[in-house]
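**Q** Please model the entire structure based on the sequences and the hints provided.
2 protein chains.
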Amino acid sequence: MKIIRSIKQMQRVSRELASEGKKIGLVPTMGFLHEGHLSLIRRAKKLSDVVITSIFVNPTQFAPDEDLARYPRDEKGDIRKIDKAGGDIVFIPKAADMYPDEFQTYVTVEGITQTFEGESRPTHFRGVTTIVAKLFNITQPDIAVFGQKDYQQAVVLKKMVTDLDYPIRMVIAPTVREKDGLAMSSRNKYFTPDQRKETVCLYRALTGARKMVKNEKIYGTAVLRRKMKKIIKEICPVAEIDYIAFTDYDTLKPVKEVNRNTICSLAVRLHGVRLIDNMRFY
Amino acid sequence: MKIIRSIKQMQRVSRELASEGKKIGLVPTMGFLHEGHLSLIRRAKKLSDVVITSIFVNPTQFAPDEDLARYPRDEKGDIRKIDKAGGDIVFIPKAADMYPDEFQTYVTVEGITQTFEGESRPTHFRGVTTIVAKLFNITQPDIAVFGQKDYQQAVVLKKMVTDLDYPIRMVIAPTVREKDGLAMSSRNKYFTPDQRKETVCLYRALTGARKMVKNEKIYGTAVLRRKMKKIIKEICPVAEIDYIAFTDYDTLKPVKEVNRNTICSLAVRLHGVRLIDNMRFY
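First to last, the protein sequences are chains F and R.
Heads up, the first sequence stops at 282 in the working numbering, and the numbers go up one at a time, no gaps.
Heads up, the second sequence stops at 282 in the working numbering, and the numbers go up one at a time, no gaps.
Hint data in this document are derived by calculation from the structure and do not stem from the laboratory.
A hint or two may mislead.
Stated by the list, open to error - Here are the computed distance ranges between Cβ atoms for each label pair:
| no. | chain 1 | residue 1 | chain 2 | residue 2 | range |
| --- | --- | --- | --- | --- | --- |
| 1 | F | 162 | R | 5 | 12 to 20 Å |
| 2 | R | 229 | F | 63 | 34 to 42 Å |
| 3 | R | 22 | F | 114 | 40 to 48 Å |
| 4 | R | 181 | F | 250 | 38 to 46 Å |
| 5 | F | 63 | R | 114 | 20 to 28 Å |
| 6 | R | 72 | F | 257 | 47 to 55 Å |
| 7 | F | 162 | R | 162 | 47 to 55 Å |
| 8 | R | 65 | F | 223 | 23 to 31 Å |
Claimed, not checked - Simulated pairs of lysine-lysine, PhoX-like, Cα-Cα distance not exceeding 20 Å:
| no. | chain 1 | residue 1 | chain 2 | residue 2 |
| --- | --- | --- | --- | --- |
| 9 | F | 22 | F | 45 |
| 10 | R | 158 | R | 217 |
| 11 | R | 256 | R | 214 |
| 12 | F | 23 | R | 8 |
| 13 | R | 8 | F | 158 |
| 14 | F | 22 | R | 23 |
| 15 | F | 211 | F | 227 |
| 16 | R | 217 | F | 22 |
| 17 | F | 46 | F | 84 |
| 18 | F | 46 | F | 8 |
| 19 | F | 179 | F | 189 |
| 20 | F | 84 | F | 158 |
| 21 | F | 197 | F | 230 |
| 22 | F | 8 | R | 23 |
| 23 | F | 253 | F | 233 |
| 24 | F | 227 | F | 214 |
| 25 | R | 229 | R | 214 |
| 26 | F | 81 | F | 45 |
| 27 | F | 189 | F | 81 |
| 28 | R | 214 | F | 23 |
| 29 | R | 233 | R | 217 |
| 30 | F | 23 | R | 158 |
| 31 | F | 8 | R | 217 |
Stated by the list, open to error - Derived coverage of chain R by chain F (criterion: at least 3 residues anywhere in the stretch with Cβ under 8 Å from a Cβ of chain F; other residues may be distant):
| no. | stretch |
| --- | --- |
| 32 | 34–47 |
| 33 | 106–113 |
| 34 | 132–142 |
| 35 | 165–177 |
Bear in mind that the values here come from a model prediction, so they are computed numbers and not experimental data.
Just so it is clear, CB atoms sit at the ideal spot from N, CA and C, and this is done for glycine as well.
**A** Next comes the structure, spelled out in structure tokens:
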């Protein structure tokens, strides 16, 4: 497996691969990889000839009060895991190369970035779209794989690809969960064992709502939301709910009644850590 | 010569060319081609295997009160000229395909887009950087050629390429002029023959200042600017000067004394038409 740290070298290698007719798959990550990331790499491997996994903790998608400095890192472990999952190239650029002092260009998706995650984290998506555009330009992928866990991010990035005409197929892979249902996330390591038990509240709220929809035919989102809040508070009384949203899967527009294209997504702050999750009910 | 109107087809053709190891040169234009554009195509031809010339009158770089509707068009003539200049592919996308109703993604270069052209035309550069990013993604060029006449645009686009890591070599080709010195522009056709004579005032002001710098060793930009205003007003009393700027060639920062890296650029409104031009003095 090849490790590349220079932007120029990565561009050269990608150009060479393209000129050999190789199909390139890209899996952008912020490192500290878990089974969720590895499932994306394996998925990319099935769909392309060469898989590039990028590791870059992207400063522009963190707000000043967020966890950039303490965001967990484990480069050696990550490289080992990527190799085992079948990755071909790991791209690990330096922050000073990605964002030199005089950096002043941003890619912005309007509209759908204003709500939910964008409301709590106003500059977050601009950071995400900018870094992903840069990674696309550097690695020139045919396919890019992202996780369903960051559902709004996936919708925003698909919109960017469509609007800016990137010739890239966007693949959104299902969320991988721990045994108790907690969605895998690098941030899960912030919890003590006791706190960790309470993090199941997001999954339980989602599956509780799904049960009401499927078994009891309750479609009103106001009722469902109340029920979900109750479930969360019962499991974790100190939980602060950022939002519980029922939206159209493709447009992110809120719906009052659950239908086959609805997705429920939520963000909850637990013991100082903000977790997100989502689920479709059909 | 191949004419392509579909974005998807253009993407496919570019991918194929890349997989054959062909070097792609891109010349983005708004059509109504003159000798200036053709010089860019010939330059691209020297530097690449396949030259793609795009024709697209880009609505997002015009303000509502600008000349989008009356901007001159001549598709048939353009195609003939591109063929003669050695172009290989003409890409002519439809506005409805480039900007569908729900379009909501923009590429923005901050800072250097706020002054000069950006001050008079606040949304102009956002439109330029967005359309050029789209054209880059569709055609995947190795080289892109732009004209020196739109000097600030060239600096802004070079900044976009650097910041977003496009693997593209940016070539800025010299301004082509009419016999009397007027920089070639599709907008020159707006003038009546009498008005057309007065348009030489931009060139005369620039060469007048150059003479003062080179022969009389006058470097103070305040003095030079006063002299240039006088020249313009003598030739065309109704001229409205938007700006006469002396800036660093690379950073666009204003300078008080002309030095070897200074460029003088100006924008003048003549009989309802806004013209720009620029010149280096060494």
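**Q** Taking the hints in turn, state whether each one holds.
**A** Structure-based check of each hint:
For residue 162(F) paired with residue 5(R), a C-beta distance near 19 Å keeps the hint of 12 to 20 Å intact. Judged by the Cβ atoms, the range 34 to 42 Å given for residue 229(R) and residue 63(F) is violated: they are separated by roughly 48 Å. Taken as a hint, the range 40 to 48 Å holds for the pair residue 22(R) and residue 114(F), whose Cβ atoms sit roughly 42 Å apart. In this structure, residue 181(R) and residue 250(F) break the distance hint of 38 to 46 Å, their C-beta atoms being roughly 55 Å apart.
Between residue 63(F) and residue 114(R) the beta carbon distance is about 24 Å. The supplied range of 20 to 28 Å therefore holds. Take residue 72(R) and residue 257(F): their Cβ atoms lie about 53 Å apart, and the range 47 to 55 Å holds. A C-beta distance of roughly 25 Å is found between residue 162(F) and residue 162(R), which places it outside the suggested range of 47 to 55 Å. Distance hint for residue 65(R) and residue 223(F): a CB-CB separation of about 51 Å, inconsistent with the stated range 23 to 31 Å.
Using a Cα cut-off of 20 Å, the hinted pair residue 22(F) and residue 45(F) holds, with the two alpha carbons roughly 12 Å apart. Among the hinted pairs, residue 158(R) with residue 217(R) is inconsistent with the structure: their alpha-carbon atoms are about 32 Å apart, more than 20 Å. Distance restraint check for residue 256(R) and residue 214(R): the Cα-Cα separation of roughly 17 Å lies within the 20 Å cut-off, and the hinted pair is therefore satisfied. Of the pairs offered as hints, the one joining residue 23(F) and residue 8(R) holds, with about 17 Å between alpha carbons and a cut-off of 20 Å not exceeded.
The straight-line distance between the Cα atoms of residue 8(R) and residue 158(F) is roughly 16 Å, inside the 20 Å bound, and the hint therefore holds. Under the criterion of a C-alpha separation no larger than 20 Å, the hint pairing residue 22(F) with residue 23(R) is consistent with the structure, at around 17 Å. Of the supplied pair hints, the one linking residue 211(F) and residue 227(F) holds, its CA atoms being roughly 11 Å apart against a limit of 20 Å. As the CA atoms of residue 217(R) and residue 22(F) are separated by approximately 59 Å, the hinted pair breaks the 20 Å bound.
For the given pair, residue 46(F) sits about 15 Å from residue 84(F) by alpha-carbon distance, which is consistent with the 20 Å threshold. Distance check on the hinted pair: residue 46(F) and residue 8(F) sit about 27 Å apart at the alpha-carbon level, beyond 20 Å; violated. The suggested pairing of residue 179(F) with residue 189(F) holds, with an alpha-carbon distance near 15 Å, which does not exceed 20 Å. Simply put, residue 84(F) and residue 158(F) have alpha-carbon atoms about 29 Å apart, too far for the 20 Å limit, and the pair is violated.
This hinted pair checks out: residue 197(F) and residue 230(F) have alpha carbons roughly 17 Å apart, not beyond 20 Å. Restraint check for residue 8(F) and residue 23(R): the C-alpha separation of about 18 Å stays at or below 20 Å, so the hint holds. Restraint check for residue 253(F) and residue 233(F): the C-alpha separation of about 27 Å exceeds 20 Å, so the hint is violated. Only pairs whose Cα atoms come within 20 Å are accepted, and residue 227(F) paired with residue 214(F) is accepted, the gap being roughly 15 Å.
At most 20 Å may separate the alpha-carbon atoms for a hinted pair to count; residue 229(R) and residue 214(R) meet this at roughly 19 Å. Using a Cα cut-off of 20 Å, the hinted pair residue 81(F) and residue 45(F) holds, with the two alpha carbons roughly 14 Å apart. Between residue 189(F) and residue 81(F) the CA atoms are separated by roughly 18 Å; this keeps the pair inside 20 Å, and the hint holds. Between the alpha carbons of residue 214(R) and residue 23(F) the distance comes to roughly 56 Å, so the proposed pair goes past 20 Å and is violated.
Between residue 233(R) and residue 217(R) the CA atoms are separated by roughly 24 Å; this puts the pair beyond 20 Å, and the hint is violated. Among the hinted pairs, residue 23(F) with residue 158(R) is inconsistent with the structure: their alpha-carbon atoms are about 29 Å apart, more than 20 Å. Note on residue 8(F) and residue 217(R): the hinted pairing is violated, with a Cα-Cα distance of about 43 Å set against a maximum of 20 Å. Judged by the Cβ-Cβ criterion of 8 Å, the stretch 34–47 of chain R is not covered by chain F as claimed, because only 0 of its residues qualify and three are needed.
Three residues within the 8 Å Cβ limit are the bar, and the stretch 106–113 of chain R against chain F gives 7, so the coverage statement holds. For the stretch 132–142 of chain R, the stated coverage by chain F holds: 5 residues have a C-beta nearer than 8 Å to a C-beta of that chain, and at least 3 were required. Look at the stretch 165–177 of chain R against chain F: 3 of its residues bring a Cβ nearer than 8 Å to a Cβ of that chain, three or more, so the hint holds.
Of the numbered hints given earlier, the model fails hints 2, 4, 7, 8, 10, 16, 18, 20, 23, 28, 29, 30, 31 and 32; all others are met.
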